[in-house]
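**Q** Just so you know, the sequences run in chain order A and B.
Going letter by letter, the first sequence gives residues 1 to 418 in the UniProt record's numbering.
Going letter by letter, the second sequence gives residues 1 to 418 in the UniProt record's numbering.
Take these hints with a grain of salt, some might be off.
In this list, chains with the same sequence are indistinguishable; a pair is considered to hold if it fits within one copy or across any two.
[What the hints assert, rightly or not] DSS-like cross-link-like pairs, simulated, lysine-lysine; straight-line CA separation at most 27 Å:
1) Lys399 x Lys7
2) Lys418 x Lys283
3) Lys283 x Lys185
4) Lys175 x Lys223
5) Lys185 x Lys145
6) Lys383 x Lys88
7) Lys283 x Lys76
8) Lys223 x Lys418
9) Lys115 x Lys418
Don't read these hints as lab results, they were simulated from the structure.
Number of protein chains: 2
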Amino acid sequence: MSFIETKPDSDFSIHNIPFGIISTPQNPAPRVASRIGDFAIDLSALAQAGLFASILEDAQGVFSQPTLNSFMSLGKPVWSATRKHIQKLFSSSGPSLHDNKELLERAVHPISSVKTHLPANIGDYTDFYASKEHATNVGIMFRGKENALMPNWTHLPVGYHGRASSVVVSGTELKRPNGQRVLVKGEAPQFGPSVRVDCELEMAFLVGTGNNLGDSINVNDAKDHMFGVVLMNDWSARDIQAWEYVPLGPFLGKNFGTTISAWVVTMDALEPFLVNGPTQDPKPLPYLAENGPSAYDINLEIKVKPVEGTKYTTISRSNLKYMYWSFAQQLAHHTVNGCNMRTGDLCGSGTISGPTEDSFGSMLELTWSGAKEIQLEEGITRKFLQDNDEMILAGYCEKDGIRIGFGECHGKILPANK
Amino acid sequence: MSFIETKPDSDFSIHNIPFGIISTPQNPAPRVASRIGDFAIDLSALAQAGLFASILEDAQGVFSQPTLNSFMSLGKPVWSATRKHIQKLFSSSGPSLHDNKELLERAVHPISSVKTHLPANIGDYTDFYASKEHATNVGIMFRGKENALMPNWTHLPVGYHGRASSVVVSGTELKRPNGQRVLVKGEAPQFGPSVRVDCELEMAFLVGTGNNLGDSINVNDAKDHMFGVVLMNDWSARDIQAWEYVPLGPFLGKNFGTTISAWVVTMDALEPFLVNGPTQDPKPLPYLAENGPSAYDINLEIKVKPVEGTKYTTISRSNLKYMYWSFAQQLAHHTVNGCNMRTGDLCGSGTISGPTEDSFGSMLELTWSGAKEIQLEEGITRKFLQDNDEMILAGYCEKDGIRIGFGECHGKILPANK
Chain A
1 MSFIETKPDS
11 DFSIHNIPFG
21 IISTPQNPAP
31 RVASRIGDFA
41 IDLSALAQAG
51 LFASILEDAQ
61 GVFSQPTLNS
71 FMSLGKPVWS
81 ATRKHIQKLF
91 SSSGPSLHDN
101 KELLERAVHP
111 ISSVKTHLPA
121 NIGDYTDFYA
131 SKEHATNVGI
141 MFRGKENALM
151 PNWTHLPVGY
161 HGRASSVVVS
171 GTELKRPNGQ
181 RVLVKGEAPQ
191 FGPSVRVDCE
201 LEMAFLVGTG
211 NNLGDSINVN
221 DAKDHMFGVV
231 LMNDWSARDI
241 QAWEYVPLGP
251 FLGKNFGTTI
261 SAWVVTMDAL
271 EPFLVNGPTQ
281 DPKPLPYLAE
291 NGPSAYDINL
301 EIKVKPVEGT
311 KYTTISRSNL
321 KYMYWSFAQQ
331 LAHHTVNGCN
341 MRTGDLCGSG
351 TISGPTEDSF
361 GSMLELTWSG
371 AKEIQLEEGI
381 TRKFLQDNDE
391 MILAGYCEKD
401 GIRIGFGECH
411 GKILPANK
Chain B
1 MSFIETKPDS
11 DFSIHNIPFG
21 IISTPQNPAP
31 RVASRIGDFA
41 IDLSALAQAG
51 LFASILEDAQ
61 GVFSQPTLNS
71 FMSLGKPVWS
81 ATRKHIQKLF
91 SSSGPSLHDN
101 KELLERAVHP
111 ISSVKTHLPA
121 NIGDYTDFYA
131 SKEHATNVGI
141 MFRGKENALM
151 PNWTHLPVGY
161 HGRASSVVVS
171 GTELKRPNGQ
181 RVLVKGEAPQ
191 FGPSVRVDCE
201 LEMAFLVGTG
211 NNLGDSINVN
221 DAKDHMFGVV
231 LMNDWSARDI
241 QAWEYVPLGP
251 FLGKNFGTTI
261 SAWVVTMDAL
271 EPFLVNGPTQ
281 DPKPLPYLAE
291 NGPSAYDINL
301 EIKVKPVEGT
311 KYTTISRSNL
321 KYMYWSFAQQ
331 LAHHTVNGCN
341 MRTGDLCGSG
351 TISGPTEDSF
361 GSMLELTWSG
371 AKEIQLEEGI
381 TRKFLQDNDE
391 MILAGYCEKD
401 GIRIGFGECH
411 GKILPANK
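Next up, chain A with everything else stripped away, as it sits in the complex:
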């Protein structure tokens, strides 16, 4: 328990201790923070008071950076020690910061008063395609039932390179993209705003420590290279994507924006929620074979607030544990050819769809490519997103009375440029 009160359904109990980047009205310089309940903890302020001297040589330098990259590059022992130390400092029992009112005032800010920023300088962003249900659903819609799941899919975690420049933090508004799309099958493409703007419910891990070009990361060491996990909305313009993606993959249908949540939940915090993932058949090749469980039981949700509506309606409930290929397998596969990962690289899971229709992770699947409608509040339905619609992805784990979560990954689709 922390002396900072947290509600029972808070995503940010003292068991979490995520990391992120904040600025405040008094100090507009983005810097490293953690969060407990509805309060942001300014770690640069704590560092300035010398509270991390036992753990970090240059805590003030590391925590006054505008991204987590410096901190992440220090490696897992430092991440773990830092998180535990923060838990101790804010614990309700034993010696803690509780009585240092002056420092608490400088370092602890109501979350409503802080601005959150993109947590990392993302060098490269890769997106996988690791949910069998999603790959099958989309495959059927894009290529028909016979060609739905390609022969490679059960042998390796299929992935592709995404666009790092347009990864934005929760709360950023994005314009509806313009582009080429074929409105009538078989006819020439026309230029204009996408009429099929969709979400993809994903999670993503941030690489904490990478590998040199030419080296690989072993699948059973992979988790120690990951700093933490965020929610990710891989916004997709389905009409642009469908026209452009053959043969080199998605491009403008995706790179107009990708939103991640602001608070990075560490692998340490997630460890209690490790479970076995789906049975893999055929058996993965040795370089993908893992010892022990490596899926995470994380409840996920998509909520939409239509422009003409009054509230958010949940349109899907899924779970990260449905993902066929684990994060560790993704990282091992990504580097098996010697591809170098760098601190801050972002790897997305791909859309997390579950086995039932109400657990599909995109509107494309929920409406079966626009064949049916999603019911929101009374009298309001959607097939895809309309201008000024808002969306939130949420996620949390719960076990033995302990709950940790990811906050929200929020976005709003603005009208396209004329």
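Please build the complex by placing chain B on the supplied structure of chain A, with the hints as guidance.
**A** Relative to chain A, chain B alone:
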């Protein structure tokens, strides 16, 4: 003419004035340089002597950076003025640096004594697929004659996101990648070193000034956003690629390494070599319609030195002017959906194949997927690259007695990790 002598066939006459990053044994800090003939010109040393005071407010700060990004972010008027100023400083007529022996000694280094570095901090790397001949050839081999060129290809410059972390500078040795490949059609994939390591003859432009997320770059302004052009070898493991690339595009078959040449040749230097590109049919949509010529007449060449051989043999001669979609169209397309480009982003042309068999830009095409052999020196042939083979891409323009070129883009394939 420059008082620094250049041979008639030099790539680096005073008409060129490219930009790059060097370090020297006396000063191991990478910094901005230009090149004339066989000499590197240390611009930070010239700046320290005050020689750019009329052009740049903080020339010393900008030219002492380890990448060109600061300089590139200043925009085209500054790039143009800087290049002209260097031409004047090193001109053989009029007042120039000629007599300042002491400064010349500090700033001018024989090229053999300098180390060149990656010229830019590349935020995102995109690779296009803009040669119709290449797309058709590969399409036939990967998907058969009927599905060779996809319906979208003549409507838009097809492109995909590549891996920025593994872009390396000319001279870097790369390990043969390990990965999954199907050795016997229809059987399960096996893990091991790629047996089909190939080159791709490409050129690429570096974005000098970009656009904000949500904005676009007009096709007729696009050239002014480009800083310059380099040679690029998009190394490809064809067996890994063939197995993995459906449906999301190339991934591990490409991201083990991409080599670019060290000296960035500016758009200003290339302007005299503008020509009309191939006729585009159907007529491009308005956002891709250009006023005036925007192809470049640049002779290109692939040379291979086999491990058991004694010399480089030219295996292909091509030309950038064969490229169907221009660089300007690529940049306009890339941003038409609001995708933001940043200073230092790299955009590759895709393999530049010409219409004749001796102008194909990859070994895949030259050997027609391994069906025939490429003759090198007496008694030595290749289908794909063997361990310790070396390769050079080269390129130059020539017109009215003026020649400018790109130096070389060199690489060597080392044996795979065991």
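**Q** The structure should be examined with respect to each hint, and the outcome stated for every one.
**A** Against the structure, the hints:
1. Proximity of Lys399 and Lys7 under a CA criterion of 27 Å is satisfied intra-copy only: 16 Å inside one chain copy versus 75 Å between copies.
2. Taking the closest pair of Cα atoms, Lys418 and Lys283 come within 27 Å of each other only across two copies (22 Å); inside a single copy the shortest separation is 52 Å, beyond that limit.
3. Proximity of Lys283 to Lys185 under the C-alpha cut-off of 27 Å is restricted to the inter-copy arrangement: shortest distance 20 Å between copies versus 40 Å within a copy.
4. In this assembly of identical chains, Lys175 and Lys223 lie within 27 Å of each other by CA distance solely across copies; the values are 25 Å between and 35 Å within a copy.
5. For the homomeric pair Lys185 and Lys145, the shortest alpha-carbon distances inside one copy (19 Å) and between copies (22 Å) are both at most 27 Å.
6. For the homomeric pair Lys383 and Lys88, neither the shortest alpha-carbon distance inside one copy (48 Å) nor that between copies (63 Å) is at most 27 Å.
7. Taking CA atoms no more than 27 Å apart as the test, Lys283 paired with Lys76 passes in neither setting, with 30 Å inside one copy and 55 Å between copies.
8. Taking identical chains as interchangeable, the C-alpha atoms of Lys223 and Lys418 lie at most 27 Å apart only when they sit on different chains, with a minimum of 23 Å there against 46 Å within one chain.
9. For a Cα distance limit of 27 Å, the shortest separation of Lys115 from Lys418 qualifies neither inside one copy, at 30 Å, nor across copies, at 49 Å.
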